[in-house]
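Protein chains: 2
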Amino acid sequence: MGNIVRLAVLGSTGSIGQQTLEVVRALPHRFCIVGLAAGKNISLLSQQIDEFKPRFAYYQGKKSPAYPDCQLLSAEEIAGHPEIDTVVIATPGRAGLMPTLAAVKAGKTVALANKESLVMAGEIITSQAKKNKARILPVDSEHSAIWQCLQGEKEKVSQLILTASGGPFYGYSPARLEKVSVQQALKHPSWRMGRKVTIDSATLMNKGLEVIEAHWLFNIAVDSIRVLIHPQSIVHSMVEFTDGSVKAQLSYPDMRLPIQYALTYPERLPNLQLPRLDWGNISQLTFEPADLDAFPCLKLAIEAGKKGGTYPAVLCAADEVAVDLFLSQRIKFTAIACLIEEILGHHQATAQPSLSQIIAADHWARQKVLKLAGAGL
Amino acid sequence: MGNIVRLAVLGSTGSIGQQTLEVVRALPHRFCIVGLAAGKNISLLSQQIDEFKPRFAYYQGKKSPAYPDCQLLSAEEIAGHPEIDTVVIATPGRAGLMPTLAAVKAGKTVALANKESLVMAGEIITSQAKKNKARILPVDSEHSAIWQCLQGEKEKVSQLILTASGGPFYGYSPARLEKVSVQQALKHPSWRMGRKVTIDSATLMNKGLEVIEAHWLFNIAVDSIRVLIHPQSIVHSMVEFTDGSVKAQLSYPDMRLPIQYALTYPERLPNLQLPRLDWGNISQLTFEPADLDAFPCLKLAIEAGKKGGTYPAVLCAADEVAVDLFLSQRIKFTAIACLIEEILGHHQATAQPSLSQIIAADHWARQKVLKLAGAGL
Numbered sequence: 092m093g094n095i096v097r098l099a100v101l102g103s104t105g106s107i108g109q110q111t112l113e114v115v116r117a118l119p120h121r122f123c124i125v126g127l128a129a130g131k132n133i134s135l136l137s138q139q140i141d142e143f144k145p146r147f148a149y150y151q152g153k154k155s156p157a158y159p160d161c162q163l164l165s166a167e168e169i170a171g172h173p174e175i176d177t178v179v180i181a182t183p184g185r186a187g188l189m190p191t192l193a194a195v196k197a198g199k200t201v202a203l204a205n206k207e208s209l210v211m212a213g214e215i216i217t218s219q220a221k222k223n224k225a226r227i228l229p230v231d232s233e234h235s236a237i238w239q240c241l242q243g244e245k246e247k248v249s250q251l252i253l254t255a256s257g258g259p260f261y262g263y264s265p266a267r268l269e270k271v272s273v274q275q276a277l278k279h280p281s282w283r284m285g286r287k288v289t290i291d292s293a294t295l296m297n298k299g300l301e302v303i304e305a306h307w308l309f310n311i312a313v314d315s316i317r318v319l320i321h322p323q324s325i326v327h328s329m330v331e332f333t334d335g336s337v338k339a340q341l342s343y344p345d346m347r348l349p350i351q352y353a354l355t356y357p358e359r360l361p362n363l364q365l366p367r368l369d370w371g372n373i374s375q376l377t378f379e380p381a382d383l384d385a386f387p388c389l390k391l392a393i394e395a396g397k398k399g400g401t402y403p404a405v406l407c408a409a410d411e412v413a414v415d416l417f418l419s420q421r422i423k424f425t426a427i428a429c430l431i432e433e434i435l436g437h438h439q440a441t442a443q444p445s446l447s448q449i450i451a452a453d454h455w456a457r458q459k460v461l462k463l464a465g466a467g468l
Numbered sequence: 092m093g094n095i096v097r098l099a100v101l102g103s104t105g106s107i108g109q110q111t112l113e114v115v116r117a118l119p120h121r122f123c124i125v126g127l128a129a130g131k132n133i134s135l136l137s138q139q140i141d142e143f144k145p146r147f148a149y150y151q152g153k154k155s156p157a158y159p160d161c162q163l164l165s166a167e168e169i170a171g172h173p174e175i176d177t178v179v180i181a182t183p184g185r186a187g188l189m190p191t192l193a194a195v196k197a198g199k200t201v202a203l204a205n206k207e208s209l210v211m212a213g214e215i216i217t218s219q220a221k222k223n224k225a226r227i228l229p230v231d232s233e234h235s236a237i238w239q240c241l242q243g244e245k246e247k248v249s250q251l252i253l254t255a256s257g258g259p260f261y262g263y264s265p266a267r268l269e270k271v272s273v274q275q276a277l278k279h280p281s282w283r284m285g286r287k288v289t290i291d292s293a294t295l296m297n298k299g300l301e302v303i304e305a306h307w308l309f310n311i312a313v314d315s316i317r318v319l320i321h322p323q324s325i326v327h328s329m330v331e332f333t334d335g336s337v338k339a340q341l342s343y344p345d346m347r348l349p350i351q352y353a354l355t356y357p358e359r360l361p362n363l364q365l366p367r368l369d370w371g372n373i374s375q376l377t378f379e380p381a382d383l384d385a386f387p388c389l390k391l392a393i394e395a396g397k398k399g400g401t402y403p404a405v406l407c408a409a410d411e412v413a414v415d416l417f418l419s420q421r422i423k424f425t426a427i428a429c430l431i432e433e434i435l436g437h438h439q440a441t442a443q444p445s446l447s448q449i450i451a452a453d454h455w456a457r458q459k460v461l462k463l464a465g466a467g468l
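Those sequence lines, one after another, are chains A and B. For the first sequence, our numbering assigns the number 92 to the initial residue and increments by one for each residue that follows. For the second sequence, our numbering assigns the number 92 to the initial residue and increments by one for each residue that follows.
Don't read these hints as lab results, they were simulated from the structure. Heads up, some of the hints might be wrong.
Claimed, not checked - List of simulated lysine-lysine pairs, BS3-like, C-alpha gap at most 27 Å:
| hint | chain 1 | residue 1 | chain 2 | residue 2 |
| --- | --- | --- | --- | --- |
| 1 | B | Lys423 | A | Lys245 |
| 2 | A | Lys247 | A | Lys390 |
| 3 | B | Lys423 | B | Lys247 |
| 4 | A | Lys224 | B | Lys245 |
| 5 | B | Lys245 | A | Lys245 |
What the hints assert, rightly or not - Now the in silico label distances, taken between C-beta atoms and shown as ranges:
| hint | chain 1 | residue 1 | chain 2 | residue 2 | range |
| --- | --- | --- | --- | --- | --- |
| 6 | A | His120 | B | Leu418 | 57 to 65 Å |
| 7 | A | His120 | B | Ser165 | 41 to 49 Å |
| 8 | A | Gln443 | B | Asp141 | 41 to 49 Å |
| 9 | A | Thr377 | B | Ser272 | 50 to 58 Å |
| 10 | A | Leu363 | B | Pro357 | 28 to 36 Å |
| 11 | B | Pro361 | A | Leu363 | 41 to 49 Å |
| 12 | B | Gln242 | A | Gln162 | 40 to 48 Å |
Each residue gets a CB set at the ideal place from its N, CA and C atoms; glycine is no exception.
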């Protein structure tokens, strides 16, 4: 048995945050929750503080819950606090960037569920991690799968194969995609996730962000990462090695497994709550190359990843705003990709950007999307 | 680049032996062939000696090819010779036992393609390997897949999942199985292999022997090994870990990959002759639990593996003779299983047998099969 890990969970009231706490409940002797940070869901955060009694908390609301033994700190302060070993970054979207950077600069073990931080600032985060001996451990099921397949392998890989469920609309015609509703888009066929990620899964932008994230996490060219549609969501990703051998990681779609793996690594612990594959009920696994024309968000993300510089930050920002607009029913589903493409086309990129240049590009893109959408695009 | 490995290939004229030499040809700077041993195919062995100029050779024939620079030794002498680093045991059937033991006792790295040696004498071979610091590296595609999946994993596994193509007759009714010809049985749908192994694949005995082999190679109970029928032969086997995560190894069915992996381990080397999975052409992978009733050889093998002692040696011996009888058209396909079951039923087993007890059980079983078959069973 390893030591007790002192955990901070940033984004504790979101889907990944809640599932992280489920893992902690299932393995109570392994973890001590020292910090919790949430956005606006104060009532759930209050319950979590009652249950886990963290020393530090952060929330984004106006009302301040009074906890005499719980000190209010910023998310960055929690992420870098010396009494914390591992920081789970489950904060959604751009809001994950600064806490991730703070954790990495403080040399923490970072269990990273937030995609945007690496997509926006991959070069800065990975070089800071190296400099400060921080470990970035993936929590996304795809990246966890790749990481698991890479265990014990010394050679450079020849290809990463990210699988994608395809989301609820895979196979839809462009005309049919025009008409999909928010409600339809929020019904993911295999994963339980937050709203933003669920829409990103429906556009396949999520997979595009994962391609860029994999590029930084595993130090591999975007060109050597491919996407396969695998609707059963059982093979979570694969690695092809230089000798042509391929390794895959499989499990039912349940985020608690990759969360637990990141938190207990390099150990694997039995957890009765985690489902086991029932081969009596898995008769086939299907695969097909992703259709980039039908799902332009994936194509845009791969292009932005190849171009690098501030392009991925602009991609992320434009997507975040466009998805918000779609969720509030102000634009159509297909307009998400159109808006992002338009913004990327207008962007004057900076190569090897500083953090402030990345943040400036992010601001510019957000304003630009709102302006374009306001103008009816 | 690692050092040049001094290789002996025992069974060099068989299917695995020839494919081993193909790997050596593809990676000429990595290997030096120091020993070759064959059975009766003197003409092919002569060509191999011409090409690779080994210092030592063994053959089982009557005529002695005269090679002034090549010393004739026994297979065991070659296996244990101090000028050899790695011994590939590609000798088929029981004939692999003594050379494997000799290699293990000499502390060699043993690339083991012969199933029978571990099935017959798993306890003796693994304990001798431990004592003499010999490494046994699997060459079978299934065991290589498991071994690849275990790289970097520290925990005990919860389950091994061996895949089986099902052979040419999977899904056949008992009545149809009665009538299959030798020619039909020799047509394996996915693998190119020797005659004995091909028939064993058609009866699923091959998978049963692999279960027992996996038990010894990976130190796991027979009860924790299951068999899945996977007709595409792309997933070569899987490992389920204690947290429920499953890893699989995939490639086209080509023995050169597991052979190369064993010979270059822990490195993986590019080899342009090895095919890469083409995901544009792999649309589905199917799986179903193996039907033990339709394929009694698999059931018999699993039972023999659980019972241990001399049962697995008797299973092997009875199978080897029964398959010979089938190949020479003296018994029906379905009689293979009947003969083996009969012999196992008559066997008075010895627990933790010595080598001589194992060999005695083997002799007894061979005589008994011939007697029963001669009596028309």
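Verification of the supplied hints:
Taking the CA atoms of lysine 423 of chain B and lysine 245 of chain A, the gap is about 50 Å. The hint is violated against a cut of 27 Å. With a C-alpha separation of about 26 Å, the suggested pairing of lysine 247 of chain A with lysine 390 of chain A holds against the 27 Å cut-off. At roughly 42 Å between alpha-carbon atoms, lysine 423 of chain B and lysine 247 of chain B are farther apart than 27 Å, so this suggested pair is violated. Proposed proximity of lysine 224 of chain A and lysine 245 of chain B is supported: the alpha carbons are some 23 Å apart, at most 27 Å.
Our distance criterion of 27 Å between C-alpha atoms is met by lysine 245 of chain B and lysine 245 of chain A, whose separation comes to about 16 Å. Taking 57 to 65 Å as the suggested C-beta distance range, the pair histidine 120 of chain A and leucine 418 of chain B conforms, at roughly 59 Å. Taken as a hint, the range 41 to 49 Å is violated for the pair histidine 120 of chain A and serine 165 of chain B, whose Cβ atoms sit roughly 58 Å apart. Between glutamine 443 of chain A and aspartate 141 of chain B the beta carbon distance is about 59 Å. The supplied range of 41 to 49 Å is therefore violated.
Between threonine 377 of chain A and serine 272 of chain B the C-beta distance comes to about 35 Å, which lies outside the given range of 50 to 58 Å. About 34 Å separates the C-beta atoms of leucine 363 of chain A and proline 357 of chain B, a value consistent with the hinted range of 28 to 36 Å. Distance hint check for proline 361 of chain B and leucine 363 of chain A: the Cβ-Cβ separation is about 43 Å, which falls inside the suggested range of 41 to 49 Å. Look at glutamine 242 of chain B against glutamine 162 of chain A: about 44 Å separates their beta carbons, and that is inside 40 to 48 Å.
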